[in-house]
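A.B. asks: So you can see what is in the structure, the chains are spelled out below.
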Amino acid sequence: MSTLPYSRQEMMAIATGRELRDGELAIFGVGLSMLAGYFAQAHHAPNIRAMTEGGVYGATPVGGLPWGIECNRISANATSFTNAIDALGFLVASGRCDVGIIGAAQVDKFGNVNTTGIWDGEIGETYRLPKTRLTGAGGANDIACGAGRVVIMVTHEPKRFADKVSYISSPGYLDGGNARDQFGFVGGGPSAIVTTLGILRPDPVSKEFILDAYYAFSSVDEIRAATGWDLKVSPTVHVVPEPSLEELAALRRVDETGALRI
Amino acid sequence: MSTLPYSRQEMMAIATGRELRDGELAIFGVGLSMLAGYFAQAHHAPNIRAMTEGGVYGATPVGGLPWGIECNRISANATSFTNAIDALGFLVASGRCDVGIIGAAQVDKFGNVNTTGIWDGEIGETYRLPKTRLTGAGGANDIACGAGRVVIMVTHEPKRFADKVSYISSPGYLDGGNARDQFGFVGGGPSAIVTTLGILRPDPVSKEFILDAYYAFSSVDEIRAATGWDLKVSPTVHVVPEPSLEELAALRRVDETGALRI
Amino acid sequence: MPGNKLITLAEAVGRYTRDGVQYASGAALPVGSDAVVFGRELLRQKRKNLHAIFHCNTQQLNLLAGAGAVDKAECGFSGLEVFGFANGLRRAVESGQTALEDYSNLAMALRLLGGAMNWPFVPATVNIGSDIQHRSAFAPDEYPATRKIPTVTDPFSGQEIGAFSPLKPDVAAIHVSLADPLGNAIMLGTEWSRFELSRAARKVILIADAIVDTDCMRQYPNLVRIPDIVVEAVVYHPFAAWPQSSPGLYDVDEAHMKFMNKSLSTVEGTANYVLDYVESYNDIDSYLDLIGRDNIERLSNSATSFLLDPYRKWIKTPAEIAALTAEVTA
Amino acid sequence: MPGNKLITLAEAVGRYTRDGVQYASGAALPVGSDAVVFGRELLRQKRKNLHAIFHCNTQQLNLLAGAGAVDKAECGFSGLEVFGFANGLRRAVESGQTALEDYSNLAMALRLLGGAMNWPFVPATVNIGSDIQHRSAFAPDEYPATRKIPTVTDPFSGQEIGAFSPLKPDVAAIHVSLADPLGNAIMLGTEWSRFELSRAARKVILIADAIVDTDCMRQYPNLVRIPDIVVEAVVYHPFAAWPQSSPGLYDVDEAHMKFMNKSLSTVEGTANYVLDYVESYNDIDSYLDLIGRDNIERLSNSATSFLLDPYRKWIKTPAEIAALTAEVTA
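Respectively, the protein sequence lines represent chains G, E, H and Y.
Note that my numbering has the first sequence beginning at 405, numbered continuously upward.
Note that my numbering has the second sequence beginning at 405, numbered continuously upward.
Note that my numbering has the third sequence beginning at 282, numbered continuously upward.
Note that my numbering has the fourth sequence beginning at 282, numbered continuously upward.
Chain G on its own, in the form it takes in the complex:
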């Protein structure tokens, strides 16, 4: 790693940012996903319509990674502040938002996300206490249900890539196939899982996530070993282009305090 001119987190943020297209209405979660989103705006999507679930519009973070979606670092130059009903309801749950970026503590092969808790084994019929309580769904469930497509950002470790998450906080493709249809979700579901090692995308029919690409510094074998299910590999698996100098410069302008350089 030390030989690379960029960190794995930076590669993940840039690969995530590349998923966003100019002009889209896009919602960014807290932390890394916000840097990834604002990187896209700073680099290749100047007309992206960026928002946070706090209802903060027209802003560009100042002073480094905002501490939260409502942090003063993002409130210092907004053109509009509204509220949760507006941002998560009118603009996201409605289906109006093109793309959202969310994080995950645990994700499974159908792109279901757990951010609620870790249990030892299945929870069972009784809702017993979690071994480790996490942060809950936040706005990610709303984004997962409503956004046109969702990009999931997650550190690639076996414990985070489970065959089945212990708790679905935010729905991916549920049991796979057309399982989302019975709930009538207006959003299309996760289009990519971008990790510190590569990019997974869903099979168009089964909706199982398969390995689509790896980074210059990773490999198919490394990724399969770091995945908690028997990860299938796309016949077109390929290497993700390394960050360009322009991309890195844009990212680091947004990530002023170097949160991604760790």
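It is worth saying that the hints were derived from the structure and are not from the lab.
Just so you know, these numbers come straight off a predicted model, no measurement behind them.
Glycine is no exception: its CB is placed at the ideal position from the N, C-alpha and C atoms.
A couple of the hints might just be wrong.
Said to hold, decoys possible - No more than 30 Å apart at the CA atoms, straight line, and that leaves these computed lysine-lysine pairs for DSBU-like:
1. Y:539 - G:535
2. H:539 - E:563
3. H:329 - E:535
4. H:329 - H:539
5. H:543 - E:563
To be verified - What follows is a set of in silico ranges between Cβ atoms, one per label pair, in the way DEER data are often shown:
6. G:662 - H:299: 33 to 41 Å
7. G:533 - Y:291: 34 to 42 Å
8. G:533 - H:299: 53 to 61 Å
Since the structure of chain G is provided, determine the placement of chains E, H and Y on it from the hints.
C.D. replies: Quick look at chains E, H and Y alone, frame taken from chain G:
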């Protein structure tokens, strides 16, 4: 009339204003009902929490009768402007508002109000065109469903007091008795019909409106003759106290342009 | 959609409307903020068979319906408040020209909320039990009408309440006090349901009495209830609500309110009104001439003028706006 | 309820809360506006067995739960954003001390909207299909939980969606940037769901960083999203959100955010924190001393300070506020 130091409309407005108590959350409709409400605030209910369905709070009209609930005459000194969802939903339909004042083109013996149209005879099974189209329900339906109690202001004429209104725009007691219960309305229904001739109040059980009081210038016989159904008279029927000098002065301060003096 | 979105009124009507469109305005009240001038331009461009969604009737719907351009309308209130019945709309309804579907004012706001939220229905605890629920001008032969405000069972209590159908108009022309060229808007006075409408409509056009620099929005972001991300186009048009009022900018023109409504009470009067007050001007200057420069000065001398004070320093001149508009058209 | 409503923080907690109360705050986010100081006072007055309604967790809930004062909590997000897991709340949940019922952030806002509207239920197109719908910490033995987010049938399409239960907390302490003595309030920065909460709660107490004259509200009525008519009491308390931020007034105190959260990760650390940062001050001055006067100066030097500029001239001095508060108490 010319011998009285006040007009019938002024008497009606003062009698309506007397229905309001200090500290109540009160909503006023457009026109005369607004003058009646702000008269109460100016005279005996200084701490009334007055609002209009536009979501205009903390205001006192300037320059005379406002042309509408959002008129600049009422927007010139407000402390808060919000919106319809707030005023009619959160504060009125919710049951939070203590009292509302509404007008009527036609009212029936159960306090049902028609402001939608006049047909010749019953409408029948097909929704045929009205002979005369009126203004529709506006916010009065919402007030009639949600406000703790409702005061109806109406000019006392036989054509306006029908045995049964041709169209229920805003529900009173519907078919009488407990008929409102099946719809679960949180509001209690109309507590009084204040007219240019007297005051009608509902029988506690049947909910039929009966004559409760007449004015110094009217009589039981005159009122019965001006009512389109066989109006019952309360055993405690009595004369309404005439406006005091203080009441008249307060009313005329609010009614700066003399809308009620006609 | 960041970027300068200033276009002319004529261009906005030309680009975003067509015959038969489901057109929303009047998420405003009959005496206050409404883009009445947009309705005039719809008539100038001969739009017809409109399906009008007006939270409340305004002089705009009164004019459009009176002139025969409206087939269907949905309203919460169809009068003109203290100015009385809306004679143009009334005539169109009584003649059968316009089918007017009645709701209450809260119902219309909730239907816009439901459209913005993309709900399949909105809970209704009002309008039920009255003839608003049981009578439908859009389905006159159904009595009781069962598809207008059907019942739904609350899964917690088992009780029945009503259900409103959400609204998602094709296009909305929303009057605002101030807009920047990007489409951020400030409304002074009650919002009525303009906030919800701006999210429910498929396309939103702002009609602004004044254009301000975006710095104004950065100073007052909590006032920007309509952000640029939901806006397609911005039209600058002073006195856009005339003869209605715009808090902070101008009062209601009482004389013209009465004259206009009286004109609309007959076919002939309406034709004359259209000739004199719709087809008679060519640009903003001649529109203002029509209102009358003295009249404009009088109406601008409003008891609400102080409400505009904090924003005056950011207001752009007509020349600056013309240059910005040319930039977009070029 | 017009009239001066200024009372002290201690009086507000004493008068409006009791053990077991359904208490709402945190219609705010974990890093921004929340009346954290109200939570400190709840602990000073030994309130316990609270049922906490927090749209999102904040340092207030983290502290209250960590100190063992919360039996039940309902949240959309229970972390501290970039500051990580909320250790006090997490410990309380993992030990079984606090039953935490999970919803999403939109769900919590909609449940407050539904409470404000007095609807029996709110349509749910989110949270359905996930374990948020099927698992209930308040009814752990029911699986799938059928009373938490039951289904409801859309009468228009026949499709099933979900239904949220509305929220009507007994009392809400709402942090605002500016309030006048009557209870009119201006929020700078995202409202999150404070607007809806102020109408859903049975009693509303404002906790304001600064008190302004009512003239400020009359100049900016569109900013007054919480009007006096829904407010019971107004508490003046500078740095009420500390260590969280208040846009326009002060930034997040990063060091204390981390220190506080670390303290709350153990029983012992929590006890020390309560000793040092809850029970250690007697009045506003000693509270500000605790934060540190240099620290206050640093935190007040915010990139958002310009947002407060338009209102500064109406801000009342501590002496003026003390006189007004004495007036109410007398």
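A.B. asks: Checking against the hints above, which ones are violated?
C.D. replies: Failing hint: just 6.
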